[in-house]
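Since the structure of chain U is already known, use the hints to place chain D on it.
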Amino acid sequence: MSAPDQQRRSGIWKKLALAVVSLVVALLLAEGGMRVLLRLRGQPFDPDKARNDAANAISMVESNIPRWDAPVEQRADPKQVEVLHPYYGFDAEGYIEDVARLVEYFGSDRAERNYDIAILGGSVASIFAADAAKSLVKDLQADPRFETRAIRLWSQARGAYKEPQHAIVFQTLLSYGIKFDAVILIDGFNEVAIGLQNASFGASPLYPSATKWLSRASNPSADREMMDLMLALRAKQSEVTRQARRILDLGLYRSAVASELALGLLWRTRADASTQFDKVTARLSEGIANPSVNGPTFDPEQGAVLRESVGAWVAGSRTIAAMCREYDMPFVHVLQPTLYDEGSKKLTPDEIEKGKTVKEWSEGARLGYPQLRAAGEDLKKRGIDFVDASQLFADVSETLYYDACHFNVHGNELLAHTVAAGMLAAIRHHDEAAAHR
Amino acid sequence: MTSAAAKRGPLLRLAWVSGLLLAAFVAVELAFRGWLAFEKRAWDSDATRARIERSLAGADEHGAKTSRASEDAATVLHPFFARDTRAARKELDRALEFTSSAEGTLAFDVVVFGGAAAADFATNRVGPLTEALRADPRYAARPIRVWNQARAGFKQPQQANALAYLLDAGVEPDLVLVIDGVEDLTIALRNGRAGTHPVYPSTESWGSRLGRPLNDPARLQAVLAARQSEQRMRSWARTSLSLGLAHSACLGTFVVDELERRLAEVNAAQRHVDDVGTRELDDRAAVGPRHAGDDIAIVRTATRAWFEGALSMWAMCRERGIAYVHVLETAPHDADVALAQGERSLAGGLRELEKRGVPIVDARAALEASKTAADEPRDLGAAIVRAHLAALDAGDARR
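Sequences listed follow chains U and D, in order. Residue numbering for the first sequence follows the numbering used here, beginning at 1 and increasing consecutively. Residue numbering for the second sequence follows the numbering used here, beginning at 1 and increasing consecutively.
None of these hints come from the bench; they were simulated from the model. There's no promise every hint is true.
Unchecked claim - One-sided and incomplete, this derived list gives chain U residues near chain D with beta-carbon spacing under 7 Å:
| hint | residue |
| --- | --- |
| 1 | Leu38 |
| 2 | Pro86 |
| 3 | Ile96 |
| 4 | Trp213 |
| 5 | Ala217 |
| 6 | Pro296 |
| 7 | Pro300 |
| 8 | Gly311 |
| 9 | Met323 |
The structure presented is a predicted model; accordingly, all values stated were derived computationally and were not measured. C-beta: ideal position from N, C-alpha, C; glycine also.
Excised from the complex, chain D in its bound form:
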């Protein structure tokens, strides 16, 4: 054997091993996809990617696009809706500048309010909505601008207060779109069970900021642990996105499973912060007025706040001839009995809003026809535009 052949030997073996590994992976991937298709759960890489982005957006407390800039994600106290992000504040500055410009008067401005899903919709999935609007001759020639004023973790009356503040600042959009419901219930339940009033902002965004954690070692430890688990979840989601792991059914499934596990850790850590926080029940500034702690009372209060918030927002818009559409989000399947009861109450509230003339969209009904998660923005956008145009035709809105 020559020395050249001896040198080639290991390289060849390495190439063989790599090739075999790759072929094996491709075979496993194909088999896995086949099995998923057989199980009627065909692999959808776009939906997986969207799922990871939504988790990231939730963790960063606002839209996924801005979540990559940690500076913009920094949270500051806000006098009228408890907390804000620098990104949202910059968006408001831009909106103020834009609405007073010549371009602004020509444009059709849509402002989106709500929680995490609304922020995600406004920043990542709004394309189909603008397309559906442009399909109507009244909007074909107008530039359409969508402004995000939704923040993850927001619930009523934060949306209503944010709108009142925006109007006070001099911004009068053409369409106010509210997408909410889920956080109105989940946060209220978490609050109420931890001793915070359901109408108050989420404990983690208000009480723990106000609760002077540095004075309480146990609370400080809990806050730090929650933060670390959040960072671990974000790091996993970001790495998966940057490596494009969602393109593979095998790796994508593993990524999502791991993401779920880390999200559960985040939720558990956050619940621990709440539990520790309940030791300061007499701190009215942090927990708000006294409230009955049972789930039925919490759900009733949360549903009422959601309904009154929606009605007030609609009234504010109607006074100014601003079009308004309220979307009730679809809630994730959950074994929580109180949450299920709350969803039924919200659905009842939505019908009551409709009776009063509020243009509404029930996202659950609107998304019934969606075959994959990728279809959802299209179907939701179309339903929103239908509700808006119907109100416009009925003469409820100026534009």
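Next up, chain U with everything else stripped away, as it sits in the complex:
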């Protein structure tokens, strides 16, 4: 090889190296600049948050209960396969399967030895059971009653459940012979939010969530227009999952620049999916193939719907309390905090952005929560251990909510202390009542 050739090749390599180095430097500068810019904006870059945002986007479209830290791996989880249920309206196949194991456990000596606590409610209660179990058990075990007794929590809460589903879940579990030592009910939001949303679809506020129930019970396969809309929605949801998975698999969440670009695209796709979801719900509200599954007639005026929803919440609590008394189980009923309950938390920009939701949910919480609080006081007068946790986050300034109603681990741990105190009070009241009998 001649000298000029060698020089030319060496020149190409140098240029290439320079270009690569320049690119890397440019990327580093861009990355650094972006981080500085974000810090100046008051939103410093947090790779964990970016990762959770992507994971949460998958959970929002793929899970029955949206989690802020949904697992990345896609698995055929039977607890995500929702089907019609004869007594709950709908349930996941995995939970139906679980009943056989529960029956076996509660028929065993282990159930005699352990202190088994049921957690009833909707998705907030379900996430609470997963995220706050340790805190709750730790608080309870500080009480001398539990020094030598293991505590087991059994989540029987399901996404979108509301009264009378909680009462019926509990009653049905008793029918199977499943008897807990104590019961915690955490609810409130679904009753008023889903109640109002159901009414907007023409479905009874007492019936299960219309978006879950109607789409399964009304035989949508007989309605081609509905089927087309649902297929389009599913396609958009799958695109959200694909993009979010790419962010997680390629580790894009580690870079501020890549996160900004990829998450920006993800939010646009998610907004498209949300628009499509609105089209499906609007089509549901126009009428369904089988209107008989809408439930009984009701007064559609907003005030009447909320009164009916709050009335059902009270009736459900009384029903569970009555069964608990009969079966000698302490019972605590907790009104969960929620984002749209005015004055219940100083919202962060992130919470405001991610908390955007349908009007019925925000209005349901805003108008319904004062009624729930007032009704909760009546429950107390009836001897029910009711805990109003709706103002629990009133003094918290950090981000807790990751959507319109669900909160992260820190929020759940805060709630755990309140629930534990309420549970211990309920146990004390129960023991006092037993001593008087």
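Just chain D now, with coordinates in the frame of chain U:
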């Protein structure tokens, strides 16, 4: 012979033949009645008519009175007790409207829960109950309304869920009356033997609706055959009722025998649907959680569900000061060993309920004095009222 006489001849002969036939029929009828009386099975046309109506009610899945309106008999999915009829839904709408009216606050409202016998009692045989209630000075001046929330084929926890739902809807009756037991066992056994969990609703009302029969030609054929046999039985029962055949011992006996045969056909066809349905055992939505298939386990599960359902219903009522009476139905004589074992377990459960303070009526004991089937509503109504008033006097109920 004149032409007029020739014309009269055939008419006369026809009249003679008709008269002779009628006389022969009357003679046979009288002889048959005499023989029945001699056999100590005196003919009871009211009981026969009630028997036919009950079959019809069972086939139509709710009370006999509403069974005549096919629109009302149409079944729809229900989120809390699997299925409902339009008639029952209308009844709930009426109850909601009534309880919020001025008349409603004055009235003494009784809501009946349970299966086919309860639905029949609430719609057709409730007169003696209201009469017995009115005989007590506390109810003499109050209008008494009886609401049917029972559906044929219901078993626990459907009754308990129906009550929880009713209370959530804002209806708070004065007396909750539950009449059940038979279907709690028979359906649970049929379910369990076909691979469905005993606590789940009857396979024919849930699994086959959910089992997407259109995807399975064999199942579709079985469902169609079951439906056709049901229609044949209903047609026979309706025709017999409209012609009043139950008034005759001869014809009535023939009608009942034929009805039994057609009912057996319906049951066989339904069992075939279940058998075909067992091919989809992995469809948890249709068959529920896994369960041991032996009769002993099925009966134990069914009895427990019945007992816990009754106790929960009583607790729900007690919380609200609503009076409550639980009636354990009399079971038909059956050679099924598991069913007999289940009946003994239910009787034991009834005693346990009584120990816990639940007002109960054992229909078998209450009907011991009934001489004919026509006496049964009177005797059962009186026993229910006695149990209710005893609880009231003991201070267990508000009203």
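Self-check item: Proposed interface contact between U/Pro86 and chain D, which counts if any beta carbon pair is under 7 Å
Solution: Holds: closest Cβ of chain D sits about 4 Å from U/Pro86, inside 7 Å.
Quiz item: Hint check: is the beta carbon of U/Ala217 less than 7 Å from a beta carbon of chain D?
Solution: This interface hint holds because 5 Å falls under the 7 Å limit.
Quiz prompt | U/Gly311 as an interface hint toward chain D, with CB separation required under 7 Å | solution = holds (6 Å)
Quiz item: Does the CB of U/Met323 sit less than 7 Å away from some CB of chain D?
Solution: At about 5 Å, which falls below the 7 Å cut-off, the nearest Cβ of chain D leaves the hint on U/Met323 intact, so it holds.
Exercise. Against chain D, run the beta carbon of U/Pro300 and see if the smallest gap drops under 7 Å.
Key: Since the shortest Cβ distance to chain D is 15 Å, the answer is violated.
Self-check item: U/Ile96 as chain D interface residue, shortest Cβ-Cβ below 7 Å
Solution: holds (4 Å)
Exercise. Return the status of the interface hint for U/Pro296: holds when the least beta-carbon distance to chain D is below 7 Å, violated otherwise.
Key: At 6 Å from the nearest chain D Cβ, U/Pro296 passes the 7 Å test, so the hint holds.
Quiz item: Would the stated hint for U/Trp213 survive a check requiring a Cβ distance to chain D of less than 7 Å?
Solution: holds (6 Å)
Exercise. Using 7 Å as the Cβ threshold, decide whether U/Leu38 counts as touching chain D.
Key: violated (47 Å)
Violated hints, listed in ascending order, are 1, 7; each of the other numbered hints is respected by the structure.
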